[in-house]
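Chains as they are written, first to last, in our numbering: chain L, 1 to 558; chain F, 1 to 558.
FYI, nobody ran anything at the bench for these hints, they're computed from the structure.
None of these values were measured; they are calculated from a predicted model.
Even for Gly, the Cβ is constructed at its ideal location relative to N, Cα and C.
Don't take each hint at face value.
As the list claims (entries may be wrong) - In silico SDA-like cross-links for lysine to any residue, where the CA-CA straight-line distance does not exceed 20 Å: (1) L:Lys67 with F:Glu239; (2) L:Lys509 with F:Ser441; (3) F:Lys67 with L:Pro486; (4) L:Lys67 with F:Thr237; (5) F:Lys67 with L:Thr237.
Said to hold, decoys possible - Some residues of chain L that are not near chain F, with every Cβ distance over 12 Å (derived): (6) Thr93; (7) Gly128; (8) Asp245; (9) Thr291; (10) Ser455; (11) Gln483; (12) Asp485.
So the chains spell out like this:
2 protein chains.
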Amino acid sequence: MIYPNGLFLLAIIPHVLALWPIPTTLKNGTDFLILSPTFDITVNVNNPPQDLLSAVAQAKTYLNTDKLQRLVPGRGSSDAGALKTAPVLLGLTLTLQNTNPVLSISEESVQDFANRSEGYTLSVPSNGKPAVLSANSTLGLFRGLSTFTQLWYDLANVTYTNIAPVSIAKDVPAYPYRGFMLDTARNFFAVSDIKRTLDAMSWVKINTFHWHIVDSQSFPLVLPEFPELAQQGAYSTSEVYSAADVQDIVSYAAERGIDVLMEIDTPGHTAIIAASHPDFVACNQASPWSTFANEPPAGQLRLASPATINFTANLFTAAAKVLPSKYFSTGGDEVNTECYAQDPQTQAELKSSGKTLEQALNTFTEATHGALANLGKTAVVWEEMILDYNLTLSQDTVVMVWISSQDAALVAAKNFRIVHAPSNYFYLDCGAGEWIGDDPSGNSWCDPFKTWQNSYTFDPLANLTSAQTHLVLGGEQLLWTEQSDPNNLDSIAWPRAATSAEIFWTGAKQPDGSPLDGTEALPRLHELRYRMVQRGVGAIQLQPQWCVVRPELCNLNS
Amino acid sequence: MIYPNGLFLLAIIPHVLALWPIPTTLKNGTDFLILSPTFDITVNVNNPPQDLLSAVAQAKTYLNTDKLQRLVPGRGSSDAGALKTAPVLLGLTLTLQNTNPVLSISEESVQDFANRSEGYTLSVPSNGKPAVLSANSTLGLFRGLSTFTQLWYDLANVTYTNIAPVSIAKDVPAYPYRGFMLDTARNFFAVSDIKRTLDAMSWVKINTFHWHIVDSQSFPLVLPEFPELAQQGAYSTSEVYSAADVQDIVSYAAERGIDVLMEIDTPGHTAIIAASHPDFVACNQASPWSTFANEPPAGQLRLASPATINFTANLFTAAAKVLPSKYFSTGGDEVNTECYAQDPQTQAELKSSGKTLEQALNTFTEATHGALANLGKTAVVWEEMILDYNLTLSQDTVVMVWISSQDAALVAAKNFRIVHAPSNYFYLDCGAGEWIGDDPSGNSWCDPFKTWQNSYTFDPLANLTSAQTHLVLGGEQLLWTEQSDPNNLDSIAWPRAATSAEIFWTGAKQPDGSPLDGTEALPRLHELRYRMVQRGVGAIQLQPQWCVVRPELCNLNS
Chain L
1 MIYPNGLFLL AIIPHVLALW PIPTTLKNGT DFLILSPTFD ITVNVNNPPQ
51 DLLSAVAQAK TYLNTDKLQR LVPGRGSSDA GALKTAPVLL GLTLTLQNTN
101 PVLSISEESV QDFANRSEGY TLSVPSNGKP AVLSANSTLG LFRGLSTFTQ
151 LWYDLANVTY TNIAPVSIAK DVPAYPYRGF MLDTARNFFA VSDIKRTLDA
201 MSWVKINTFH WHIVDSQSFP LVLPEFPELA QQGAYSTSEV YSAADVQDIV
251 SYAAERGIDV LMEIDTPGHT AIIAASHPDF VACNQASPWS TFANEPPAGQ
301 LRLASPATIN FTANLFTAAA KVLPSKYFST GGDEVNTECY AQDPQTQAEL
351 KSSGKTLEQA LNTFTEATHG ALANLGKTAV VWEEMILDYN LTLSQDTVVM
401 VWISSQDAAL VAAKNFRIVH APSNYFYLDC GAGEWIGDDP SGNSWCDPFK
451 TWQNSYTFDP LANLTSAQTH LVLGGEQLLW TEQSDPNNLD SIAWPRAATS
501 AEIFWTGAKQ PDGSPLDGTE ALPRLHELRY RMVQRGVGAI QLQPQWCVVR
551 PELCNLNS
Chain F
1 MIYPNGLFLL AIIPHVLALW PIPTTLKNGT DFLILSPTFD ITVNVNNPPQ
51 DLLSAVAQAK TYLNTDKLQR LVPGRGSSDA GALKTAPVLL GLTLTLQNTN
101 PVLSISEESV QDFANRSEGY TLSVPSNGKP AVLSANSTLG LFRGLSTFTQ
151 LWYDLANVTY TNIAPVSIAK DVPAYPYRGF MLDTARNFFA VSDIKRTLDA
201 MSWVKINTFH WHIVDSQSFP LVLPEFPELA QQGAYSTSEV YSAADVQDIV
251 SYAAERGIDV LMEIDTPGHT AIIAASHPDF VACNQASPWS TFANEPPAGQ
301 LRLASPATIN FTANLFTAAA KVLPSKYFST GGDEVNTECY AQDPQTQAEL
351 KSSGKTLEQA LNTFTEATHG ALANLGKTAV VWEEMILDYN LTLSQDTVVM
401 VWISSQDAAL VAAKNFRIVH APSNYFYLDC GAGEWIGDDP SGNSWCDPFK
451 TWQNSYTFDP LANLTSAQTH LVLGGEQLLW TEQSDPNNLD SIAWPRAATS
501 AEIFWTGAKQ PDGSPLDGTE ALPRLHELRY RMVQRGVGAI QLQPQWCVVR
551 PELCNLNS
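Extracted from the complex, chain L is given alone in its bound form (with noise of 0.2 Å):
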């Protein structure tokens, strides 16, 4: 049985598909399809490249290790009789479709946006044939790999799949953009608590993370050029990232399909730098800290001092030149203008000058962004850099929009390209309460809890026109970690990151035109919880595991 569309089948019988993010084109039907016990995969690429060869390897290990038991009372058990005749798959084959120069997953996931090819096609027949996944490059290989594993159970050792026929005509993103952020400067993250973060985002499709590496509180980052910022910033000598750590994470990324963009945020949020440069940071510490900062420490580079300003090209420069991205993040959220208009030094500078605030921060981003270009690395700001200044900046530059999902918009009528990061759909962070002392009533600003159902509506496309679509590049769920550490770093980011996953990759609407619904994700994204799980990321329940097999029994009116 074939059906024209796996959500409309979805539809009837519930549950049936544990495919995340779900694909742009589906067909499938319902026959049992056993993979053989001597299952392979054959690369028909010439000369395949290492980490394509990797994750081929890493397939196989998820087939043989996932051991997911299907979510239905029972756990799969009445499926024992049908597998009993079921056909067995013996292959899978990738081809490449692309006839120029085969270039690695590494290589094509570093691309520019305008040159990244992820998308796939995929076959799965049920009457045992090899199954075909083919693609234009290999990270499109690399897509199909990580959907094709998603297609198995387990019964008494038994890998096999219910959904057979499966034909993907066409699996391609939505947008090119799809990130999860993590602030590894608030609370530090353990080299192996990231690479198990990518790890999950290469399963959900996840091409980018957003590296908020540094900020005011610390200053993990290890440079050869500027050690001193490390070792006076980072919280200790062992909580910090050498440089072959970075190199360790960007390879691990990209071997997954992943572009790391590093954001050194700027001149905002670098009180830090103050414990090796004081010179360069005004209102260092200042108190009260909420006249000059938007959180403790406060400290913002002297946009207005030609050394400081020397200083941060200087900086951007030994971050982005190691690393193989097209973009590298100079942050520019939430400036503190009063934190200029009480430093004597940056108030003598300006009146030297004869700038404006405003103008200096115009030269400082001309410089600044200036080291980047220079690199051929296009700038990602933070919404202000925008919204809130009038300054000259690259229009390819990349703005993400955190404080509202409307401001999307604004951006847009500037005709610059947008990343949803807002606040009140994607921080994965927000929900628990104040963290600044001495304040009984511990409520915080980003309150309450952005639950995977809210993440889920949002639309990439709301309040822009037709005109202005192209600008959108795609969105993340970011987890600033005031409140955060490696103990709640999976349980807070899985499964809920993935929402932004599927509306990135599949696009706000299913095949058929209506809106995502989280009532049929919901099974879905309890399947990926529960793979995650067996793949070793601490993804949490959702529901009582009662209701994660009927999920049809705990709706409203069920």
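For chain L, the structure is supplied; the task is to place chain F on it using the hints.
Coordinates of chain F only, in the frame set by chain L:
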């Protein structure tokens, strides 16, 4: 230097104390004192019970392995000079004041509240003379050992304190019940998860593990007399607590000063019993569930059925008889009258017996509580059993107030003993939004998140007259697990659940009479969190680490 009040000292020298809960009496200085590498604990007790010796061994292990660096900038490196000349503590002596036969910690921990002696006296001289810990019971010695291990920091493998001498003339709990509730029915937790939680509980002197072991969603409790309940009602054959598991948990708890208060919630919250005994359950999985229950699936014991009453009494007997605790919870929350109104069998039984539903509930309760009384056990119930129905419950019944903290006064007016478990202060699970499907708004009745600051403002005596204060046994924080599982158990519970531990040990007022103060508490809570992490419990950060080592700079107006 001896200060009259450790809390006063705190106001002068921030975060000098790492004790949690803070002792009810405390004098301390600011001298450095090193724990000798050959430090030993002498148990000056005749025929010391094995669990006391185990507790001593565990304390020595913590002293060796905690390795907690001081939470100040530099993490204590500036202490190096002082440590060169600091006196060395060679030993701690434990003595029992009691001349009665020596009971083990395990025996003391399961006594009636009135007969539990948890107080202790501790003296740690600053000159290197032996420290002395004395108590009237082995349980008191255990509490004192917990305090003693919290005094110590590490710097380059030197274990030391900087608050010697320490004199705790008498540290006694303000309330006899200090609990933590875990729901193992909505989602399952392994024995190892429970043991890790018991460890954490013991560190903060929590003395009751309220084990909400079964509910409508699953019945993981294996009872030899009723094996079918778990066979049909557990999530799987591996997601069960065998009789041996229960004994393992009970023993592990008792050795750590913790009584296990098991709950089998009745007559509501029992749908899963229908899987093996459909005759005993009304409105099983009736639709829409919201008409018949507060969450899916619906299903309640047929309280008017003699067979069901007999079954329930036997069930309580089977579960309670193997537990050493003097208490057993019969539940009683959220009884749904519509379930019974629409159940023909219940209506027929009411009619034939000539009873109202309330009268039938009274019969049910008398019989099932009677089974516990026959075992010498006191029943614990949720507040509805007292406030919503006119039942002839024994006045000894302990009542848990959960719907609102305001209801405590209503329970006190009926002269019942109270355990505070208010959802508006102590529900650890609140704040994650709605988990019911098909509800895009995603709001939950128990939003928002109960911050530690909020929990810490709870006053056990609010709205009670002085004549009623004796009715307050204590309180507990609770983790309902619709949206929790082992992956977020530690991070959602700790260090937040320590706030009630302090309120009910130290009392809601500081020794000087002022209310407990979150600003004073936060540095100690940070210390506790770090010590928990060192000991293997994944408690989360409450602030950026920058603030953790400088809490005074992260207050609202600092």
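Problem set entry | Violating hint indices (sorted, rising) | Numbers 9, 10, 11 and 12, in rising order.
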